[in-house]
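2 protein chains.
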Amino acid sequence: MRAEIITIGTEILLGQTVDSNSAWMGQRLSEVGVEVQRITSISDQPSAIVAALDAVHPSTQWVLITGGLGPTKDDLTKHVLTDYFGDSLVYRPEIYDHIEALFAKMGRVPNALNRPQADFPRKAELLHNAMGTAQGMLWKEHGRRYVSMPGVPYEMKHILETGVLPKMRAEQADVHLHRYFVVQGVPESDLALRIESWESALPAGLSLAYLPSPGVVKLRLSARVAAVDQSVMEANMEREATTLKALLGADCYAEDLVPLEVVVGEKLKQAGQTVATAESCTGGSIVARLTSIPGSSAYVVGGVVAYSNSVKEHQLGVRKADLMVHGAVSEPVVRQMAEGVRKRLKSDWALATSGVAGPDGGSEAKPVGTVWIALAGPNGTWSKKFSMGLNRGRTVEKSVLAALDALRRALDNA
Amino acid sequence: MRAEIITIGTEILLGQTVDSNSAWMGQRLSEVGVEVQRITSISDQPSAIVAALDAVHPSTQWVLITGGLGPTKDDLTKHVLTDYFGDSLVYRPEIYDHIEALFAKMGRVPNALNRPQADFPRKAELLHNAMGTAQGMLWKEHGRRYVSMPGVPYEMKHILETGVLPKMRAEQADVHLHRYFVVQGVPESDLALRIESWESALPAGLSLAYLPSPGVVKLRLSARVAAVDQSVMEANMEREATTLKALLGADCYAEDLVPLEVVVGEKLKQAGQTVATAESCTGGSIVARLTSIPGSSAYVVGGVVAYSNSVKEHQLGVRKADLMVHGAVSEPVVRQMAEGVRKRLKSDWALATSGVAGPDGGSEAKPVGTVWIALAGPNGTWSKKFSMGLNRGRTVEKSVLAALDALRRALDNA
Chain C
156 MRAEIITIGT EILLGQTVDS NSAWMGQRLS EVGVEVQRIT SISDQPSAIV AALDAVHPST
216 QWVLITGGLG PTKDDLTKHV LTDYFGDSLV YRPEIYDHIE ALFAKMGRVP NALNRPQADF
276 PRKAELLHNA MGTAQGMLWK EHGRRYVSMP GVPYEMKHIL ETGVLPKMRA EQADVHLHRY
336 FVVQGVPESD LALRIESWES ALPAGLSLAY LPSPGVVKLR LSARVAAVDQ SVMEANMERE
396 ATTLKALLGA DCYAEDLVPL EVVVGEKLKQ AGQTVATAES CTGGSIVARL TSIPGSSAYV
456 VGGVVAYSNS VKEHQLGVRK ADLMVHGAVS EPVVRQMAEG VRKRLKSDWA LATSGVAGPD
516 GGSEAKPVGT VWIALAGPNG TWSKKFSMGL NRGRTVEKSV LAALDALRRA LDNA
Chain B
156 MRAEIITIGT EILLGQTVDS NSAWMGQRLS EVGVEVQRIT SISDQPSAIV AALDAVHPST
216 QWVLITGGLG PTKDDLTKHV LTDYFGDSLV YRPEIYDHIE ALFAKMGRVP NALNRPQADF
276 PRKAELLHNA MGTAQGMLWK EHGRRYVSMP GVPYEMKHIL ETGVLPKMRA EQADVHLHRY
336 FVVQGVPESD LALRIESWES ALPAGLSLAY LPSPGVVKLR LSARVAAVDQ SVMEANMERE
396 ATTLKALLGA DCYAEDLVPL EVVVGEKLKQ AGQTVATAES CTGGSIVARL TSIPGSSAYV
456 VGGVVAYSNS VKEHQLGVRK ADLMVHGAVS EPVVRQMAEG VRKRLKSDWA LATSGVAGPD
516 GGSEAKPVGT VWIALAGPNG TWSKKFSMGL NRGRTVEKSV LAALDALRRA LDNA
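Going down the list, the protein sequences come from chains C and B.
Quick note, the first sequence lines up with residues 156 to 569 if you use the working numbering.
Quick note, the second sequence lines up with residues 156 to 569 if you use the working numbering.
So that you can see chain C by itself, here it is in the shape it has in the complex (with noise of 0.2 Å):
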């Protein structure tokens, strides 16, 4: 099945609202199988969408648009579509009581503005948007299904979760299959070559597809069977799930898209131990990661940024000695470091990180790009180098992930 993706808004094309939606669109689609063929960004000139409604190309059965549908003037979305075709609105009771019950939960009434938000067109179908007061609407027409939805993302996502993928899910002749493996640590190219030989002798209707993102490869082994032969392909793909699993061993931290600081966090909170970081280049973005998490002020005891050498020296009892023999970014600066934060702020592990992150402040012996990390745990205390590039910011969330994942590893160990 194919699909296309319009997203009405001059926001977008004024660059002012990086469109999101339509990547997050694209993602789940293909899960079940859907081909997005075009996204197009219009403005919310009604003259804008019914030139992009003329243009759906005919191979395509979904038309998924978002944007248009608040209160105010400027949203004619659902009038714009209504007259394409042919329909009518009717004011129906029911969204109007829908969205006097999300004011209340506010402490506020709906005013003149919301009222029109019950109109709902005779013909389409209701997508009900329990997060928002605009509806969704799909219309069966000129043999294809035209999907509106609010743009607010958490609307969007929640009327395509339960009122749209089901739909698609259930038409197709295929099931779609997916299982996910996150690795960390590994770069692509070395991974690739690890499980080249047994990627090439995948089954057929088995594939594979490497999703990049920066520090972290996530890897999808996918299957598109017809209905009647999913238990045989279930069996294949869970004998190709094992083999893969094996693999890529301790590399894999998750079989889920799920973050590394919430792997590290349930960890943590299964063994009942407790974190704190000493960052010296990634300058608090550990802990902030680690703290983003819900519920992380079970585990996370909290930190202490040295940047300056007299930080290191004064709240992290580095041996003044060793600072100025070795250098801030050496093996026993970033040893001491993790072990004197441990021992201050009484965790059971700490984490500790010295680096070049540039531009400046590189030299022969120690490059910009130049990252030390140490973890210092129960059973004595562990250390690497890394040489993590010369982009700034690139080396701070390496070198955030790479700290993590030592510490995601020793608890596998532990």
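The hints are all genuine.
No copy labels: a pair is met if it fits in one copy or bridges any two.
Below, simulated DSS-like cross-link-like pairs (lysine-lysine); rule was C-alpha separation at most 27 Å, straight line:
id : residue 1 : residue 2
1  : K540      : K422
2  : K498      : K422
3  : K539      : K501
4  : K260      : K521
5  : K228      : K373
6  : K540      : K260
The hints are simulated quantities; they were obtained by calculation from the structure and are not laboratory data.
Quick caveat, the model's predicted, so the values are computed rather than measured.
Once you've looked at the hints, dock chain B against the given chain C.
Leaving out everything else, chain B in the frame of chain C:
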């Protein structure tokens, strides 16, 4: 003038890449008065590229195409465009010299895949790409310009800035003038009210736009004027900008689209002063933001992330009695955190946060979103309570900005 953007790349349709290039182009084009009327994202199939070119709106004068110019076999844009315009490729040795020089900088030599990147369409104008191997192409056909650029953001931006925007400006009968004013700490609706009577009395030809982003409101004062009247309009603009600045007062932190942490960093450097942080609910995000700026080691000493009460007490010197009587989220505690880190890390300034980021941990007296912020400095300690709302991520983001802004205002008054 009207433009369309066509982005080529299956990774955009699959949602593996968010199309941030188009947003950036939309912003820059709107600044020179070019209206983007459509953005189309398509796969790298030749038929899809041809269909998109055929569908360009008759009123479009500029077609900006990105993507599909790499050295691998699925990069077909150059060939498809060359065919489309009845053009042919010719080897341009100066392009190959440029590619060789780029590779030499990385200690590499071009391979067989790179050589065809020096083939260039005869009829096209070369838009030099100093940042990469794929050169920009500009055709004049069908009464409009077609520009093809790589999809790599910094390469696309370089070509647009140096090769495209100057041409657009030169062709505009009208001159477009813009002034930016970035405001922190004032809700958009309050701001609109404050400048309402000024805005409604703006002289003809001047207009104001609100560019909202979380926690910050950017105002853009724009004028469009015939070149002969430029000096008159510049005088008008200067006068209105002066009035607007007076209305915004200290709430305006920059007259350029610059992040707050850069402004704060510059002020600290000028003052020859340093800052430290003591963070609870922001979990290290303030110090991570400050240290994201190259050269920040000159003014960031470091920080303590005190997620647990024990760390607040032992690393920052918060009195245990105050923690017990007032709780961690309280004015006495946040003030002691700021003063404690300032004293222990020996900085001139110190920022502290303590709040309920949620989703759990709220109470009637201290609901989710309650955040105390303190700033300790040479002349004493300032503190304030904020209500940041129910979303954990936004509460952290808004708290970081509110804290940095408190320091910015103090540095202005010091």
